[in-house]
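Student: Using the sequences plus the hints, can you model the full thing?
Residue numbers (the working numbering), protein chains in the order written: chain A, 1 to 173; chain B, 1 to 443.
Hints listed in this document are in silico derivations from the structure and should not be mistaken for laboratory results. Here the structure is a predicted model, which means the values were calculated and not measured. A portion of the hints provided could be inaccurate.
Pairs of lysine to aspartate or glutamate, EDC-like flavour, derived with a Cα cap of 20 Å [said to hold, decoys possible]:
1) A:Lys88 to B:Glu345
2) A:Lys2 to B:Asp168
3) A:Lys89 to B:Asp17
4) B:Lys352 to A:Asp98
5) A:Lys89 to A:Glu70
6) B:Lys151 to B:Asp168
7) B:Lys75 to B:Asp12
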Amino acid sequence: MKDYWLAKLISCVDAVDSRKRLQKSIYLLQLSGSPLACDYILHYYGPYSFELASLIDQLNGAGIIEETPEPLASGMVRYRSVVKESGKKALDEFERTDRGRQLRAQIEPFIEQFRNLNNQDPWILELAATVAFYHEGDWSEAQKQTAAFKKVRQDDKKLRQAVELARRFTRSA
Amino acid sequence: MAQKLFRDPLYDYISIDRDKHTWLLDLVNCPELQRLRFISQLGLCQFTYPGSTHSRFSHSLGVMHLMMECLAHLKQDHRKDFKPLDEEALLAAALLHDIGHGPFSHATERVFGDHEARGVAMIRDPCLEIHKVLSKRAKSLPAKVAALLEKGSQAPLWQKSLISSQLDLDRLDYLRRDSLYSGAEYGNFDCFRITHTMELRTKTIEGRQQGLFVVWPDKSKFAIEEYLFSRFYMYQSVYFHHTTRAYEGLLDRILTRAQYLARNGGEFKTQLLAPLRILAGGGKTRNRRDFEGLTDHVVLAQITLWQECKDKILQDLCRRLLARKGIAWAEAPTGASFEMTRKIEAVRDYLKRQGKDSEYYFIEHASQATPYRPYSSGSAGEEQTSVNSIMLYNPRWRVTGFCEISQVSGLERLKAITGAQPTVLRYYFPKEHEPEIRRLLNG
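Tutor: Printed below as a string of structure tokens:
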């Protein structure tokens, strides 16, 4: 029931401003024990899940969420996601069922964290998810690997903030 | 030369040389194989296509016949690749590949268990006639035949691919046979060309020589393309037909209900026809005596009796099946999976209010058949072999001369049916509740 959890999280914020933010936020939430768990690989922008991308497409196709393309100066396009009114209605109806109540209870402890991640600086979020991906017990090693991968200085201020953010999520796991 | 001849509507005659293959004729006469006369090849497909009443027995003879033709063809150029007993093992494996099937073939597998594992266990069982006939021919023959049919065994690749692959003799027979008996003509293709142009070749990958592969020359590509499309059409039109699936689903529910009642003891268990007493033990048996009598006829006789049984659910399900009426269906609407969950719960609640247990009166069936996968194992990067893909050969092709069929030029049409096909999800339920259930599913 991953599509429900994803739609529920998105419905708890006004909008998610990019797919990249969604990918990194869901990854960090997963590290802290969120039931919405997917397989991730290390992509150019950090941890990436094909499964999550497919879930987003499914919710789009089912008319639960709406993605609006926003062209960027770089020539790239960013997709802003919101849960549609019909999607909110579908979520409400589902949450009135026994199964819906059960699943809502499982995702509720992570909603506040998702809101915080949604307000996080996107670059710090990307770095944090990457540090967390590299982390295998040694934070300074993960920081070093991330610095090399992302081509930033190891003592970069935002990278240090990212390590702190990643630690918060892996600590609460 | 004395020949035992079998009349067959697909090949006209199937013959066994009495002098050369006496043991094979003995195998045909074993009770384990004769039992297949009473197992329908296509389950309840005759509820849709009245002509499809053929048995697993005629199909097994057909696969054996194709194996004889193939081996005769391959031996012309590859006699040195045949080791002692290879021919016997392949013929026996072709003949015995379906002996583990329960009543109505795949339709009752959920209750009576997987036929492949059972078939292998039967060949290895020294108490069974088939084992005795094989052992009499050669002591090592039962193990060799079992290895050809067992998943993951180390039998030679080319031999396994004749028995079970994406272009094997089993499929070559059943597609055309099922097409002939059902009357659905799109199952036909140029089988002769496929069986009489196959070759064995050694493939070298990165300097390592692989085992022998079954390959086809480039000139056979259209015959194989036709075969793949036939498979696609047969699945869409015959094997996954909604009426067949509805009544096979109902048969499964009948046996599940009977299993529940039998496990709970009482007089129900004692009144079961003897071969069906295994239902009390869960249905999955390897006991040879139990299995011997487990045929379509026994199940149908029992269902006829259950029409008057005390359990109202079982009684009603059996009456619907034998009357072939009272079941409607609907395709699952598109939407997020959590929306579907809610709708299905609503249907279950509705049926409960109507006094119908949804475990028996709301049947889900997901059908998904891919006619051909370039990598059937699904793991990217795994080397292609003739077991998991169809290979063509042309000495003019670059590097090795081999090419996986979906990459061959001129076969672009194959892309439409290659790779995973969408899953079609259907629900089956009592006809009298159709309007309300359709409303709930679409609401």
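Student: Next, verify each hint and record whether it holds.
Tutor: Status of the hints after comparison with the structure:
1. Under the criterion of a C-alpha separation no larger than 20 Å, the hint pairing lysine 88 of chain A with glutamate 345 of chain B is consistent with the structure, at around 19 Å.
2. The suggested pairing of lysine 2 of chain A with aspartate 168 of chain B is violated, with an alpha-carbon distance near 39 Å, which exceeds 20 Å.
3. Proximity of lysine 89 of chain A to aspartate 17 of chain B is assessed by CA-CA distance (about 72 Å); at most 20 Å being required, the pair is judged violated.
4. Restraint check for lysine 352 of chain B and aspartate 98 of chain A: satisfied, since their Cα atoms lie roughly 16 Å apart, inside the 20 Å limit.
5. Restraint check for lysine 89 of chain A and glutamate 70 of chain A: the C-alpha separation of about 26 Å exceeds 20 Å, so the hint is violated.
6. The suggested pairing of lysine 151 of chain B with aspartate 168 of chain B holds, with an alpha-carbon distance near 15 Å, which does not exceed 20 Å.
7. At roughly 24 Å between alpha-carbon atoms, lysine 75 of chain B and aspartate 12 of chain B are farther apart than 20 Å, so this suggested pair is violated.
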